[in-house]
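Whole structure, please, built from the sequences with the hints as guidance.
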Amino acid sequence: MCLQMMGIIPAWSRTQLKRSVLPVLGAALFVWSAAPAQAAGTGQRVERKFSVTGRPVVVIHNVANGRIEIKSWKNAEVDVLGTQSSNKIGFDIEQAGDRIDVTANVLDAAAQPLELEANLQLTVPEETELQLKTETGLIYVEQVTGDMKLESYAGDVHLKEVSGYIIVKTTGGSLVCGQCAGKLDFSSISGNAQILQPQLNNVNLMTTTGNILFDGEFVRTGLYSMKSGRGLVEVRFSSNDSFDLKAQTSTGTVDNQAAAFLKPDTHGVKHIYSNLTHGFFGTVGKGLAKVELSSYSGTIRIMRRD
Amino acid sequence: MQCKDIEIVLEQEGLEPLPPEAREHLAECRECRSYVADITSLVDAAHKLPSEIAPPERVWISLRAQLEAEGIIRTPADPVAVEKASWWDSMRAFFGNRVMATAMVGILIAAAAVFEIRKDKVGENTSPTQETVHTVQAPTQALPSSNQTSNQTSNQKLTSAPSESSAPAEFAGTAQALNDQEPVATGMLLTSRSPIDASLRDNLKKVNEFIAECEHHLKEHPQDELTREYLSAAYQQKAELLSAIIERARSIN
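Protein chains in written order, with this note's numbering: chain H, -3 to 302; chain B, 5 to 257.
The set of hints was computed from the structure by calculation and includes no laboratory data.
Don't be surprised by glycine CBs; every beta carbon is placed ideally from N, CA and C.
You may find that some hints are simply not true.
Stated by the list, open to error - DSS-like mimics (lysine-lysine), calculated; alpha carbons at most 25 angstroms apart, straight line:
id, chain 1, residue 1, chain 2, residue 2
1, H, Lys145, H, Lys156
2, H, Lys165, H, Lys145
3, B, Lys209, H, Lys165
4, B, Lys209, H, Lys129
To be verified - So the derived label-pair ranges between C-beta atoms look like this:
id, chain 1, residue 1, chain 2, residue 2, range
5, B, Pro226, H, Lys70, 55 to 61 angstroms
6, B, Leu46, H, Asp97, 21 to 27 angstroms
7, H, His57, B, Thr44, 29 to 35 angstroms
Here's what the structure looks like:
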């Protein structure tokens, strides 16, 4: 009516209006409604919430490329948010009691790598057990307490303030573990491991060509083994630490920058030095923890942090 | 007959033939019919299961490597004759009903060998890992023939797998089994251009180089237990990697 009064359109009859305008409006409405559907096809999002009792177990298998991020909250719920770059990936999410299974499947084997991106973001109770397996893309876990097994081919694993028995296996991915507690097993072929400010009482790190950095406290009565075939094994300890140290390499070098703080073994054990390896034994403080560092052909570096 | 009697009859006499009293009860009792139907379907499903499930190959390889490393088993003094027989048996068992697959893998290997030879000629000495080794190793410990070895093996294999004869005697069986399995695994990666497969190939190459280095060192210093430990761990990593490659290829295809 307004347009007619303003003289923009002629004073058509009601029938004329129906015949000419309504089809256009209909077409416009169709285009408008179809556009979001197409967009959803290229960037779909799935969100599910599961109530749990007790300590849940979350199992994720992501065969697509993408990031898995897990954080915690106070709720007794597991929230799963999945985003995918195309409809060539499908999420299977199911609950069986306190176990939540999330699987990202490739639906079209001929899909291009860019079409196979699936990111998962989970929020879980603080005490949760995790079993995550991915091929590439970062695994990030923060403030979760519970046993966890994290496996990746090429993706890195970043852990922050997690505790429990932590097993990390990668082929080429690296591990960064900040303020972790409990027990840690890491094995990789070419991945690096950085352990920063830990409260770990049992550590086993093994990489064939990667580097290892341990910067933090050795818990009394703790056991620490760090091995790299070809890479650098670097340990930075503090003056308050107390540990027995054994460092040895077959063809590599030992760079002992803390010789002034290392005493001969105070427990009366006579160590036998092999002619075939370079290395040394020493004790810091009362030698309460046990630290074993080795490298086949890389460098072992020991230094005091403070 | 009561419901609990049906359970006793099934427990003692099995599903067939049920006594007439039990059949009468079943005709009247819906719950027991459902119970018997469940038991029947379970028994059927159990019959369909294979009588024996073979563990993955990597379990045997890892187990063998561990036993050899601990000195519990040893390779026979004359490994050549024995190895030939076991090699044939294992190959025959592996390819038992996969003749077509074997033929395909063979064709792919041949094609890849040509491709790999050309590729290696271009970028053989640019590996950062090798550079790292040279910087940290004592000059006398560097592999004198690492480039030569790589070139030789790349002409023969898809990756720089260590030569079969260079493994210490106690690891000979493991090394042979892994080298047999390697062409199968790498053959499955040939058609793939995904970055993950490229990463797996790269890591396989790194493990092979490391194994070759340790084997070479152990030849000169057979008493070096640290190197022996690293070699044993590297064999295990290689077994797991080959297994991962095969599993991944099968899951995709």
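Tested hints:
1. Lys145/H with Lys156/H: holds, 15 angstroms
2. Lys165/H with Lys145/H: holds, 8 angstroms
3. Lys209/B with Lys165/H: This hinted pair holds, its Cα atoms lying about 18 angstroms apart.
4. Lys209/B with Lys129/H: holds, 23 angstroms
5. Pro226/B with Lys70/H: 55 to 61 angstroms: Hint holds: Cβ distance 59 angstroms, inside 55 to 61 angstroms.
6. Leu46/B with Asp97/H: 21 to 27 angstroms: holds, 24 angstroms
7. His57/H with Thr44/B: 29 to 35 angstroms: The hinted range 29 to 35 angstroms holds for histidine 57/H and threonine 44/B, with Cβ atoms some 34 angstroms apart.
In summary, the structure agrees with every hint in the numbered list given earlier.
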